[in-house]
Amino acid sequence: MYRWLLCWRYLRTRYIALASIISVMLGVATMIVVNSVMMGFTHEMEKRLHGILSDIIFQSRSLEGFPDPDWHMEQIRRVAGDEIEAMTPTVVVPGMLNYQVGDTWMTRPVQIIGIDEKTQGLVSDFSKYLQHPENRRQLSFQLREGGYDVIDHQADGPSLPREEMSLAGWEHRRRMARMKKMLLEIEWSEKAASNQPESLPADLQDPFARVAPQESAPQFDPEKSQYTGVILGIGLVSFRRDGQDHFLLLPGDDVKLTLPTVGTPPKIVSDTFTIVDIYESKMSEYDSNFAFVPIRALQQLRGMIDPSTGKGYVNAISIKLKPGADMNKVRDKLRAAFAPQYYAIDTWRDNQGPLLAAVSMETAILNVLLFLIICVAGFGILAIFFMIVVEKTRDIGILKALGASSGGVMSIFLGYGLLLGIVGAGVGLVLGLLFIRHINEIADLLGHITGHRVFDPDIYYFYKIPTIVDPWTVGWIISGAMMIAILASILPALRAARLHPVEALRYE
Amino acid sequence: MSKTFSLFRTRQNPGLAVSPEGKSSASADGRMTLAEPHFASPRGDSGLHPSGEMSDSVSACPGILSACELTKTYRKAAVEIPVLKGVNLSVQAGEFLAIVGQSGSGKSTLLHLLGLLDRPDAGTISLEGQRIDNLAASARDRLRNRTFGMVFQFYHLLPELSTLENVMIPLMIGQSVWRYLRHRRENIRRAKEILELVGLSHRLKHRPRELSGGELQRAAIARALVNQPRILLADEPTGNLDPATGREILRLIQNLNRQVGLTIVMVTHDRTVAEMADRVVSLVDGRITYQDFPRA
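In order, the protein sequence lines correspond to chains R and F.
For the first sequence, the numbering used here gives the first residue as 1, with consecutive numbering after it.
For the second sequence, the numbering used here gives the first residue as 509, with consecutive numbering after it.
Just chain R, same shape as in the assembly (with noise of 0.2 Å):
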């Protein structure tokens, strides 16, 4: 009883020892906010790579792919039926993307996927991540009327409206078609007027009259048709300034793809597409190099259609499994079943492993440094517990005088110990709770104090910093703490515990 007792005055009457534990507290609310921020942007990032990749992806290890994707998904349904919930097949090419913004054309590398409208959807999130309501629920190649989303479905908070997308559409693009008209009917009749009949070639040879309506074939009007449709990432088409997205292209505008055919060596093509969506997964990465088609448009542009069978290649088969399959398992049955040499049987983990190890390591490497500053302090704890004990000689003499065994002084210290650990990590733990809570808040006044933005949804496209507070993390990070604190006072715990009563009774 006398343990607790005097182990409560000294936390009470020795503010030094509190102090000494300042640093313990600082590392547990660090620590605790560390590894929530990174866990909400592991968990936000694997959420969004895995519903832009499907389980399981089944590629071919060459651009050209293989022949008969409807054999080779009969294959994998034998191999892994039951596990299989739904497949569908890809073609993916490397292209540039051309398209105009005032007077010059610019040029993007991009990432061309050719997707199958019915099934993409059923593999992944993929449609979650489009602009138009409808195209969520079905996908289709067809441009809307309008009704595009304004404000972003994803944002987890308030975001700045993106008023431009309220004219996509079929609106947009008779608006545009019929400004092009006009400034094309503006040139001719200034040319007209000039009387240069050279000036006809050159007309040809502009761009703009591509799309004019007296040059094309007469059964094409922008006004009323559209090219093949085209989903362009949201990174291709927009650049985002103070939160705020501002759209070089809308749906309806038409732009240019460019790329190789199959076959040795691969030519050049290139065709028009009108923008019927735009994708945003979020991740920077995907958003600014996808561009998705429809997959037989893409067959045949490439040149991948066998004319004596009609059946296309494909580059890759996403499998979606049902839930509660073991992806890896799959994947293991799949890689047996399936010539190596040909193929690349990966699950969405796999491929996007030095990503993922990346952050894990980097949560690893911020939590061991966290770690050694709470050891830090527990070097602290040691130095000032030392003094305490020699500054305690004469009561812990006393205590032994009237009966106290040493292991009943020892626990004393111990028993300090443990309870400057436990103030120490709750109220580290309180803090750092606090913070995550408040951490946009946060974020945004320092933002505002320093003038440098610490969390830019320029780069992340996301609008609030992501958390989750896991408890088992907590948990250890709260025991080790306690931990520390305990080992940090063994040392003058035994130092008082050894302690002759006669010689500390002496010290005065």
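No wet-lab data here; the hints were simulated from the structure.
Errors might be hidden in some of the hints.
Footprint (simulated), chain R over chain F, 3 or more residues, beta carbon under 8 Å [claimed, not checked]:
1) 646-654
2) 702-712
Per the computed footprint, the stretches of chain R lying under chain F, defined by three or more beta-carbons under 8 Å from a beta-carbon of chain F, are [said to hold, decoys possible]:
3) 8-14
4) 261-272
5) 494-506
Note that the structure is a prediction, hence the values are computed from the model and not measured.
We treat Cβ as the ideally placed atom computed from N, Cα and C, and that holds for glycine.
Since the structure of chain R is already known, use the hints to place chain F on it.
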């Protein structure tokens, strides 16, 4: 002082009289038998007679507490300083014994050895004929807690605790947490009674630094008595007090001896202080050389 009687009769409280282990069970019995004659006749002759023959009955080691041929040497930087060179001493139950010696004569060391705070290099210490100097640490802790009460020159109260808490510390040490909590009320009552006995019932909540020297020593005596020890060991209890206060404290100690029958061993360098005892022995050059009966 009817209160004192009621107070000390509580030692028959089964919880406190129970011997902690087989070794001291005999002494637990002895405690009862010893206590009774004192209550019957607090200054009975039984306390004086054997002490008169003490000098020649050393080898038999009679009495409640006895030391035979105690030797103790301190080492200071490779120099050996012999402090006790064969001390023979016997304390009778209910006796008030003073040990007088110059500073450095080893009187405090002797008291520490008797109170089991230290171990002798040679010789034995017996409690009622049972050797106690070679007991295991836990048994020694228990004897220090229950059988001996210690009073020091510098009071040695714990500065973080109030007077009442300081007095209760031996109770807390002697009882497990659960037992202490179960008997908490009784423990507090007992500590308050003892504090009243020493005249400190108005200072229960005060911290040691708020008390005067005399009050501190009273609190220390209360702490020494709270576990109903059989022997009170006092190390210069008046050494740090002004003469008047010192006399009050001595009178208190003397009363404890006369009215309750508590066995007291006090060391002092002051002859006049020693005069208050029944019997005075001198410690010179590490040996008991002289004894005297101031009141005989």
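Each hint, compared with the structure:
Counting residues of the region 646-654 of chain F whose CB lies closer than 8 Å to any CB of chain R gives 7, so the stated coverage by that chain holds, three being the minimum. Given a C-beta distance limit of less than 8 Å, the hint that chain R covers the region 702-712 of chain F is violated, as 0 residues qualify and 3 are needed. Check on the region 8-14 of chain R: 3 of its residues sit with their Cβ under 8 Å from a Cβ of chain F, so the three-residue criterion for coverage holds. Counting residues of the region 261-272 of chain R whose C-beta sits closer than 8 Å to any C-beta of chain F gives 0, which falls short of three, so the coverage hint is violated.
With a cut-off of 8 Å between beta carbons, the region 494-506 of chain R has 4 residues touching chain F; three or more are needed, and the interface restraint holds.
In terms of the numbered hints stated before, the structure departs from hints 2, 4, listed from lowest to highest.
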